[in-house]
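Student: Below are the chains, spelled out letter by letter.
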Amino acid sequence: MQTLRASWFGFEKHWLWYRRNWRATAVSSFLSPLLFLVALGLGFGSQVQSTALIGGVPYLQYLAPALVVITAVQGATFESTYAIMSSFIWQKTYIGMVATPITPAQVVYGQVMWIASQLFARSVVFVGIAVALGAANGPGIGLAVLFATLAGLAFSCPLIAYSATLDKPDSFNTIFRFVLMPMTLFTGAFFPVSQLPDWLRPLVWLTPAWHGIELARGATFGTLGLLPALGHTAYLVAMIAVGLFFAVRFFYRRLAV
Amino acid sequence: MEHLVEAKALTKHFGTFAAVRGIDVEVRRGEAFGFLGPNGAGKSSTMRMIACVSGRTGGELKVLGMDPERDGPRIRARIGVVPQLDNLDLELTVRQNLQIYGRYFGMSRQQCREKAVELLEFAQLSDRADQEVEPLSGGMKRRLTIARSLVNDPELLLLDEPTTGLDPQARHLLWDRLFRLKQDGVTLIITTHYMDEAEQLCDRLVVMDGGRIAAEGSPGELINRYSTKEVLELRFQPGAEKPDLERFAERVEVLPDRLLLYTQDGEHTLAKVHEHGVQPIQSLVRRSSLEDVFLRLTGRTLVD
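The listed protein sequences correspond, in order, to chains P and E. Residue numbers for the first sequence follow this note's numbering, beginning at 2 and rising by one. Residue numbers for the second sequence follow this note's numbering, beginning at -8 and rising by one.
No lab work stands behind these hints: they were computed from the structure. Careful, some of the hints might be misleading.
[Claimed, not checked] As a list, the in silico SDA-like pairs of lysine to any residue whose alpha-carbon atoms are at most 20 Å apart: (1) P/K93 <-> E/T84; (2) P/K93 <-> P/L207; (3) P/K93 <-> E/G130; (4) E/K132 <-> P/Q92.
Kindly produce the complete structure, drawing on both the sequences and the hints.
Tutor: Rendered as structure tokens:
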């Protein structure tokens, strides 16, 4: 209880910032889904045949739930790299926080709470726009909000832990290019994973994006079985738990020396 | 007398490096206590242990009567910390920085709002209250950092190099604020490598060097114990050989560009030096300072 309250203050700090700066972020969180759905779903999608492999639905509807997840994972990446490094090195705000009764672990929890709320809010906006554009195949797309947030956090937590070990931002570009980019393109958002060579698939199964997309799409099309649902969710939760464990560890190592 | 900080044989190691090598310190309620020493003397490591952010490697430490190892958050709730490097939230306004910091201590929003107004006044930043922090001058940011550290009405305020990097005017303004705190009964612990700052602010101090305490006392006591009343400084042409003047003073320190003659009567010594036919390009008689104490104790100057 005490921990939750103390962590909440970290959240509040971001909220204070957000209240003054929400306009800038609001524009991008509206524009980005709109552009993606229009360009890829309506534009490019008009040239794509609806096959059994994509569930026999229009490409736009095939794409929409997965794009919610992909957008969340991308958002999580940005929130978990430069922002973390800044709080350690450039602005040093974490150092100011642990001089108060707040502990390094509570700093982590507050940060993750903030990121979760951001991912959730953006996913809600995304789904809203998808519904408005007729990209929603069924009411199940509402659940994509939860699964996208979960997948985003599953990538965010380990990345926060990693960012906490760095002194320079150099390796972030490597992550954007060689982890985030392939994860965006090849985890089943734009075409079924079954089209990939066999040897590549196990790699895809490791990514939080793939699990999130399976969940979001399955919920939208009503094809999600209970067991797969539990399996995918368990995997994402495990990634969050492991990520948090190491994040807390590395935050202590950095802030309490 | 009640001790707010008690350290016995306190040590701190980073890997194989011993930053603090067994120090004994007692800080009394209501005093301004200083750690004076050059960079790397172990001052900041000691401060971080007292601030309960960094664990000790060995020895004993009590802060406000509690053990930092066990009661860290409870102790931190009652102390204020001014870090060596500002860690203000640059994207928030001046006022918001104060308010959110109050929240970190679990204060209600209403309390934080009121406290912020009071502290803005104290830091002379009321007219900047609703501007972002980023464009403020170094002195203003420092004042805000000090104001922020007071948000929880701390009994003990830790200031790590509070005026390093500030211009003289900004320093004097800060010192003035610190005097006021001292008058209000706040116990201050200050680290500094400026001897004038230590002399101005500290009732009692320890001189640290290489992770150890070299001497302890009030500025006046230390000067009496380790130096003479006056110092005669003789400056010579760079590279010129300096004359041997040992017999004219109680002690002579040879610095790269000048000689320091420790003596009870500087003018008298200067007259004798002149009689002897020594012609420095510049001479100066001054009172002994903590700088001289430090030089005596460690053989090195404080700021180089």
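Student: Each hint should be assessed against the structure and marked as holding or not.
Tutor: Status of each hint after checking the structure:
no.: 1; hint: P/K93 <-> E/T84; verdict: 16 Å, holds
no.: 2; hint: P/K93 <-> P/L207; verdict: 33 Å, violated
no.: 3; hint: P/K93 <-> E/G130; verdict: 18 Å, holds
no.: 4; hint: E/K132 <-> P/Q92; verdict: 13 Å, holds
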